[in-house]
Every structure is written in C-alpha cells, then in structure tokens.
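Novice: Residue-level listing of the chains:
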Amino acid sequence: MMRTKDLSYWLFLAPVLLALSMVVIIPLLFGVYYSFTNWNGIDVGGFIGFENYLNVFKDKEFLDSLWFTIKFSVVSIILINFFGLALALIVTSKIRTNKFLRTIFFMPNLIGGLILGFIWQFIFIKVFAGVGQVFGIESLEGWLSTTQTGFWGLVILMSWQMAGYIMVIYIAYLEGVPTELIEAAEIDGANPFQRLRFIIFPLVAPAFTVSMFLTLSNTFKLYDQNLSLTAGGPYNSTQMVAMQIFKTAFGQSEMAYAQAKAVIFFLIVAAISLTQVYINKKREVEM
Amino acid sequence: MNKKKLFSGIGAGILSLSLLLTGCSSADKNGKEDSKGNVTLDVFQFKVEFKKQFEEVAKKYEKEHKGVKINITTVGGGEDYGAALKSKFASGKEPAIYNIGGPQDVQDWQKKLADLSDTKAADVALKGTLDGVSKDGKILGLPYNQEGYGFIYNKAVFEKAGIDPKSIKSYKDLENAVKTLDAKKNDLGLKAVFALPGKETWVTGLHLSNTFLAPEFDNNVLSAFNAKKVDFKYGDAFKKVLDLQNDYSVQPTVSLDYSQQVEELFSLQKVALIQQGNWVYGSIAGIDQKFADNGIGILPIPVEGYKEDAIPVGIPMYWGVNSNKDKNTIAEAKKFLDWLYTSDEGKDTVINDFKFIPAYDGYDASKISDPLSKEIYQYAQDGKTIGWTFMGYPTGWGQDQLGVQIQKYLSKEAKWEDVVKTTKEAWEKSRNK
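Top to bottom, those sequences are chains P and B.
1276 is the number that my numbering gives the last residue of the first sequence; the numbers go up by one with no jumps.
434 is the number that my numbering gives the last residue of the second sequence; the numbers go up by one with no jumps.
Don't read these hints as lab results, they were simulated from the structure.
Using 30 Å as the maximum straight-line C-alpha spacing, the simulated DSBU-like pairs for lysine-lysine come out as follows:
no., chain 1, residue 1, chain 2, residue 2
1, B, K409, P, K1047
2, B, K240, B, K271
3, B, K416, P, K1047
4, P, K1049, B, K229
The following block holds chain B by itself, in its conformation from the complex (with noise of 0.2 Å):
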C-alpha cells in the first residue's frame, strides 16, 4: 500500500468514526436522581393555551422546593400530542408527568401510569370527574381542569333584537329567536345568524353529538366506552339542531373552519351565535378584548326529550404520572400535583393565571374571571349539565366516522338516515374486533 493510499484510508476511517460517535455523546440521565439527590421531572403536556403560565409557576414551585428541578415541553394540539408523546416514549425520554384524555388512553398506557390514590388531589376531586380514570381501584389521572361549551351569543345584538336570552329554555324558543334573528338580521349588521364549522369536525363530530349521545350512555364516559353499539336515541333532536344551525349559517358550512367561525364572523360581530365553549375567551379577547369581556354568554344547547337547558360540562385532560420511573421521582411528581391543585398558592394560580374552571372542591368560584367560565361555573353548580362522553366512543369514531359523514349530509351527499346507519355500522365494527 502506498502512503496516498494509506493517508486516504486513514481519512475516511476517521470520517465514519466520527458519525458513528456523534450519535453516542448525549449520554441519557432523565428522570434518574443525582448524587445530591435532586430530581428532575420532565412534564409533557399539551395545553398551548397556558404555556407561559405553567413554565412561570414550575419556576416558583423550584425555587420552593430545593433539589426539584422541572422541565416543560408543551406539544399542541390532540392528534398531535399523542403521536408526540408516543415517539417521546419510544426514543427512550420517557417523561415523568404526561396527559392522557380518558378511558382509551388509560388502556394503551395502563402499564405506564402510576396509581394516584394517595394524593389529596384525588381526594378533592370533583364527583365523576375520575370515572374515566379509574381502573380496577387503581385512579390513573388527575384532572385539569372543566370545559363546558353550548351557543356561544352575542349580547348586545340579542338585545337590540329584543330577545332575552334568559327565555331561550328549550329547542322552541331557541328556534324562534333565530328566526327573529334572521328576519331582522340586515339591521342588526349580521351576515347570518350561525356560523357552523363544518370543516372542524371535532365541533360537529365531538361536540355536537356528545350533547345527544351522552344521554342514552347516563352522562358517563365508562359507559360510552363499553357500548358495544350506539342507539342515537335522541338522533332526531341531534338532526334538528344541525339543520337549525346550518339553515341559518354563514355558507358553505362543509369549508367553514374554527378562525373563520369564532375570530372572523363571531369576534367581528357578523354572526350572534356559535356552538364553541369557553377556550374561545382567549381568541376572542385576542380580537376585541371589550367583547369578550362584556359582550357574550353561553346558552344551551337545547336536546329535545332529554333536558333543554344544561350544558356539556366535562375534563378535556388528565396528568398521568410514570410508573416506569423511580420511587422517589414518583413521589415528586405527586406531590408538585397536589401542590398545584390543593396548595394556597397553586389554587390561586389556578384560578388566576391558568383562569381554569376548578374541577376539585375548596376553590372560590368568584375569583373565576372570564364570563363564559363563570356561567358554566353556575351551570355546574345548578347541576344543568350533560356530561362528557366523546372521550369514550372508539378511536377515531367521533371525527372520522361522524365528523366525515356529517360533512358529507352538509354537502347534501347523504341522507340524515344514511349519516345514522353508516356510523351505527362503523361503532360496532371497532367495538367487536
């Protein structure tokens, strides 16, 4: 071998020495104590909305609490938090604290969560806000917070309509106000009285259809999620209330989206009703913060033959702990979740910066500060509520199934009967694999 060539050898040898190394330089201490015996939690979550708040109160709660150390990684959004959280799981990161959103994801990550009956914030917790956590006596998560949605209206263009929206108690008075809303719709500046998402078809798939199928599932997500089948008992009150808001809708609804809806026709006041909930203060506050805070309310979502006057109250997201790690990081976990929840400080914190709808017991309701919250609040408290049962139809069901074939009714290529019979068919499919 001559020295060109042995110099070239040696070259390339170096260079895929180097690739091979650099792959092995991050050696992994995650989650793993220390030798001063400092923990750290990694907590991976997906509430955009309250990122900055939650990074702020991490930061106290560290300062706290000597030899705890907090990292936050907030991913966004449902689908993709849990395809995120799945490779965070897989590349070998695993996080100490992360959210799981009801009984489905309580069977895919069972033997990954850590039974949290021994906290105080189990204890406190709101009745049935736990029943889609629970298994086999074991309590798997803790609820964030309460979300409620329904109509969300205009105020003063119901006033200037003269309609009190405290008479809308059932489908009838609903229907009537729109239709007065509809005839007088040119002074009162409104391009149509509803703007329906279609696009969304969590608002239409989720949503919407929880509020007539919760019924016949008794309001309890564990109940939904055992259906070997789906009735839509209440299908035709489930129907009038889509067509209702279609009829009357900014068109065409099937390419409507969530910014169109709420910022550009609900927060510039060209429609006066919207089926949203609560987490739409942010983006309408955003817009017009005037509005927001004075300018709307929350009706009912009227199901015809069941209750007319509640609202679907329920817990969009729990926080898991990882039983895969050690004792003592655990524990910490635990204990920053009590704290958050049950401590002085975490409660004001909850109510004040995250501005969460409590879903434990010992908060003061008053100090709740966004319209919307406080009226679903008082629902609660009243007990007009249908519960959350979405969580619980099989994977995919709600947006894929329903949310598909709701657009393609909107589209006038399906009949109502046929939208019933196809996702019938589709329910028992995944339920009996």
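In isolation and in its complexed conformation, chain P is listed as follows (with noise of 0.2 Å):
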C-alpha cells in the first residue's frame, strides 16, 4: 500500500489532477471570475461586483426557464426512474428475450441527442399529425406548437431515450438480490407485490441513489435535445435553463452575466443533487 506522503503517488495521480484542473477547476475558476466582471467576449471591461448576480434574480426569461426546467426534471425523473424499473423488472424476469430485450431498450441511448431531437421532431409534427388526420383525433395535430406539447414533448423524448440506461443500473442491482432472500420470503407466504415492497426495494436502495442522481443532473442541464426538438419554441416557453445561459452569452453577447447565470445554476444543481444523496444515502441498507 501506497502511502501518501510517496512521492510516486502523487506523480501517479498528476496526470488526472493536472488534466481536471486543465479543464474544471481552472476554468471554473476563471468563470467566476468573468462572472465579477463586464466581460463582452472580446474585451474584460471592469470589476462590477454583485451587479450580474443581482440581474439574475430580476430577469423574468431567466426565471421562467429556471420553473420550466424544475417542472420537465421533475416529471421526468419520476417517469425515466418508473419505465427503468419496470424495465429491468421484466428483462430479470424469466421470460425468453430477456438479453436480446436488454439491447433494444438499451438502444435509444446510444442514439446522440440532436440526431434524436430531430427524428423525435418528425414524429411529433408529421406522424402525429399524420395518425390525428386519419383517425380524426385532433388533439395530435400541431405538436410542439404549443407550450404544453412542447413540454411532454420534451419529457416523452427524454423518457424514451434513458428509461435504457437506467435500467441498466437496476439490473446490476436487482441481479444482485439473493435469491435465497426471496426464496424465504416465499415460504413464509410473501405475496410477490410484499416480495417486491419489503425485500427487493430495500436491497436496491443504491441503485435509486445512483439512478436519481444520474437523472437529475441530466435532465437539469439538458441542452441538445432542448435545441433540436423545440428551439425553445413557442415564445421560448419550452426554453430551459442551459438554453437561457447559452442565448445570454451568443445571442446577446452578455458573456460576464450569462457566467453569473451559469454560476448560479451550477449551486442550484450542485445543492439540489447533494441534498438528494445525502438523504437517498440514509434510506439505503446494509445486507
């Protein structure tokens, strides 16, 4: 065992310390810099202090993308962390498939996110449209036209894409479970819903930790299925938060606040996803 004062574990370590600091800690550094300042992109003008962060909290775009995007995680978390489960329920099971079912669920994520933005784009405008026309159901018409739509849009795209990989996890977890736990649980007349309840939940307690939080920090900070599927449209109602901040820096060349805005959100995920560890952690239990 390498103890820490070697020298050789730290030249073994300086390679990941200097590559992580190259391209988080430096520039993260650099961005709350720029965040103090007036920055346009091209010339630092001078130090404004709190001035960008106290924008932040007056800019009404900036909020209402801030609740749309709280809103899409929500729902989102919950629906990918449902279908995920659901799915590993059933490709742990023993039905025939189940590895070649793994693949197919499995699929979507190996699919980019533009690429899927815009395959989902054609299905929402023309085979919805196409299926509302022929069936006479109206309410498939016009998808992504309006804020509504564009939001479950959102959500059943991002679903469909990692319910797969989510599930992946659950798996990992659920094949984990001892079988002669659920054997005992049998025996002792354990319906399957109370086998499920009472002994599978608490033993893949970590996988909800891992999976929750993987979700969180994805649906937060979504970005490229934002811009292809909906472009924020209409009226930047579907707009989320990453979006927002990118708009602020290229579109209105305002790099120093759209580093504030960056800043502030960088806390609210960081806080929001180490309160959920933190608790998450404390429901897990040991075998």
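Since each chain sits alone in its own frame, please combine them into the complex, following the hints.
Specialist: So, in structure tokens, the structure goes:
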C-alpha cells in the first residue's frame, strides 16, 4: 500500500490532477472571475461586483426557464425511474428473450441527443399529425406548437432515451439480490407485491441513489434535445436554463452576465443533487 | 527507496511530463512572415454557400501571387460565427481577414479592425453601403455583396389564377391577390397561399420588422444603432402584413421552420408565396432546378403610408482586416480584397461563380444569372428599395425580443399592443444601459 507521503503516489496522480484542473477547476475559477466583470467575450471591461448576480434574480426570462426546467425535471425523473425499473424487472424475470430485450431497450441511448431531437420532431409534427388526420383525433395535430405539447414532447423524448440507461443500473442491483432471501420470503407467504416492496426495494436502494443522481443532473442540464426538438419555441416557453444561458452569452453577447447565471445554476444543481444523495443514502440498508 | 518504487516513480514522472509536453508541441507561426518573405493570410468567414468557389478563387490567387498563402476557415450561421470568432481570437490564432455584421460589431471589434479607406474597393463601393462600418472617418469593412428579400411567388400559380404580378403595387392589390388565390387554392393544388415560418425569428423579427422600422430610421443602419427608442410608426402596416401572412398560411405557423417553408412547401409548389430573399435560390434549385430558373419571381413587401412597391436591399456582411497583424500582412490582405472585387478576374468570379449581387460599381449586371438576384438588382437600380437597418437593432433585440413576442402573438398568447409595448421597453432598456 502506498502512503500519501510517497512521491510516486503524487506522480501517479499528477496526470489526472493536471487534466482535471485544466478542464474543470481552472475554467471554473475563470468563470467565477468573469461573472464579476462586464466581459463581452472580447475585452474584459471593468470589475462590477455583484451587479450581474443581482440582475439574474430580476430576469424574468431566466426565472421562467428555471421554473420550466424544474417542472420538466420532476416529471422526467419520476417517469424515467419508473420505466427504467419496470423495464429492469421485465428483463430480469424469466422470459426467454430477455438478453435481446436488454439490447433493444438500451439502444435509444446510443443515438446522439441532437439527432434524437430531430427524429422526434419529425414524429411529433408529421407522424402525429398524419395519425391524427386519419383517425380524426384533433389533439394529435399541431404538436410542439404550444407550450403543453412542447413540454410533453420533451418529457417523452427524454424518458424514451434515458429509461434504457437507467434500466442497466437497476439490472445490476436486481441481479445482486440473493435468491435465498426471495425464496425465504416466498416460503413465509409473501405475495409478489410484498416481495417487491419489502425485500427487493430496500436492497436496490443504492440503485435509486445512483439513478436519481444521474437523471437529476441530466435533466437539469439538458441542452441538445431541447435545442433540436423545440429550440425553446413557441415564444421561448419551452426554453430550459442551459439554453437560456447559451442565448444570453452568444445571442446577446452578454458573456459575463451569462457566466453569473451559469454560476447560480451550478450552485442550484449542486445543492439539489447533494441533498438528494444525502437523503437517499440514509435509506440504504446494509445486507 | 527500493527498486520497484524507483521504477514506478520514474514511470509516473514520464507520464505526467509527456502530458505537459504534448500541449506545447505546435508552435504558432500564424500570420507572421517567414524567412523567405512569404505571407500567410488566415481568412475566417461565415458564408457557407460559397465556400467551395471561394476556396478555388483563393488557390488561383496564390498561383498568380507568389509568396502569398491563403488559409480559409468557414463557420456557417450568424450566431455560431460570432461565437467561433470570439474563441478564435481568444485562442491567440487571430485571423487576418474576418467578417463583421454592422455597427455593433464595429463597436465591439474596433480595436482589432484596420482602416480600409485606402483600398480601391472602398472607392467603388455603392453609395450608402459603407455607412454601417464607418467610424471616426475610417472605413472598417468592405461589403460582401447585396441581398434583398420580399415575397417570392410561384409564376405558374399566379398565371393559372389569372393574376398579373406586375399589377400588384400596393397592400390592397396584394390582399386581393391573396384572396383570389385562397378561393381557388384547391384547383391550384395549394395547401395554403403563404407559409409563414414563425419559428425562424430572423424572418419575422429581423427581416419583416426591418421593412416597417427602416422608414422611421431613414433607412440608415446608423440611425437605428444610435436610436434611443423605437416608435413603430408603421406598426399598423406591419400588423396587417403579418396577419395577412398568418391568416392565409399553412398552420400552425409558430412551429413552421425554414426548411418546411422553402423546401417542403414552396419548392414542391404547395404554397404560392413566401417571405424570403435571393439566398433561397440555391435551396430551391437543389430540389427543382427548372422551377428555380424559370418559375419564381419576387414581389415587394408593401408598407402602407410609406413605399408600397419597394424591396429591402442591404449588405449582409462585411470583410474586416485585423489591425493586430504586421504591416505587410495587412497590406497583402487589402490587396487580396481589392483584387477580388475590382480586378476583371475577380469581378467575373463574383458574378458568375459566387452568384452575388455586386455591391460595387463597375459590374456588368446583365451577367447576373439567377432570376431573383436579377430582379432585386433591377429594384436597386430603380431606387425602389428600403434599407437594411436590423444590424443596428440592439444586440439580440430582433430575434430574442421581437421575434419571440411575435411567436407569442401568433399563438394568441399576446395582443399586438403588448408586442409593441414589450419590445419598445426592451429597446429602451438596452439602449440606456
């Protein structure tokens, strides 16, 4: 075992530390610095203290997009985890095609977000409208042209894409549940629902922690699917925070202001994620 | 320290060293003269449509001018270009020639723009085209070309419906024509008369709005840039044309985009009229060459109470030369731009290969090949134009404020008065910062 004083310990760590500081820590510090200036992307003007930060809380567009992101995240996290767990239960049961199904369910995750967005845009606008016309279902027409359909469009896209990924995590934990425990419960007369609720769920609790963390950070920071599916339209009502920040930076050339928004966004996401992990950790049981 | 540890220590040391060193392997020689007096011109430009032709011209130029090397980088799309240019400068690999859009860019970049008033091209640039890039007696940009937009129409459909496009000279005429087309749309095989792309905020928030706002800024981009407020003096005329397009358009307009409008609906002749400019020629030709060459024409956007028979014509982008470069590079950059726009060979390329509407004197306009450009050039010759002032709007105002508010209006979430009020306030707010 190497002790921390050893030179080789630090030398082995050096590449990672170097890479990490170059792509994460230094840019983060620079970002925080810029957020206190009136940088426009070309010259750093002056140091203006907390002005950018104060403006963020008066920026209706930013607050709207934050609220939209929260709504989207809550709904998506519930649906993704629900479907992910459901799919995992299906493919770990004793059906014959379960290996094949795992691949199929995981596939959407292999397609890039931008392309997925465009594929679903086609489905929502063309296929939905086509089906709607044939069967006379009016609610299937004009998708993505209203806030509601834009919202549900994003939720459907995201659940479809991420459920397979989350499924893999649940599978790993489900397969780790000892069969003796389940058999013992069966012999004691627990029905399938009780087995799920009182034996399996507590044992896969760590999977909830991991999946929640992943879905949370992914849905909060969503950008590419948002861009290609709705581009924030109509009237920026389906614009999420990441996109709003990008627009502030590159559309309005207010780099420093966008940076301040990004810092605040970072703090929000970090706070929510850490709280979530802390709470979920407490629920996990030792075997 | 035992042997094993020594080795692992050395191994780790080499690993981290190599990581450090890879970062420094490529030394930067960009833009500097090398020992033989050769000059490299790095061009960073945004027009994707003529990338290939432009690269060929640059090669030709290299051959004729020994000792000059031209590297062209193209990054397409307005928004992306601005961001890419900023990161290009931030990376230290500053280009010698780059693009600027108008007064706002001039203000942002002025420390990095060389004075071009001593070029030949600046002397022959058409009157008014240099307004947006002149500052303190200096000329900081040279126009790419001219572009214009209006209502592009399908000639065959108009003929079948018995409408003479030449007779459309006012808003009333246009409205009547649209109503006639709408009444006969089933016979004409049309889905609707218009396709209004509400999703493309540049079509509504920049181009359409410019037609009605330019008059109150005297058609001058600098007046718009310096204006502390916007009045929507021709706001009612604006609303009428927007409503006309929306009411007779394929629905829902708010999610309709450029490719649906131009490629799917207009090129396949499912709509008769679209608000677009001469740049769509390529898109249409890509789908139906014959239709692009013979089947389309352009109509003015009527501004009631002002000009009802004029087309907005302007300069989409300018060439700027980086003043941070050494004297020789700057001189060669100017020479190249002069050659491109004022030599016979250059002129020939500009018209025939780039298919530009020239923004300079001394061109043979009869050589312009595509029908839309030809018509627009004619409007410009006749003085029937409205200026382009949207480059003088506050940054992001046209698309992120007005374009978005128009989407809200199209979704019936806002009244027209709200659109005007909100955007007026946004203009004043960003001007009084």
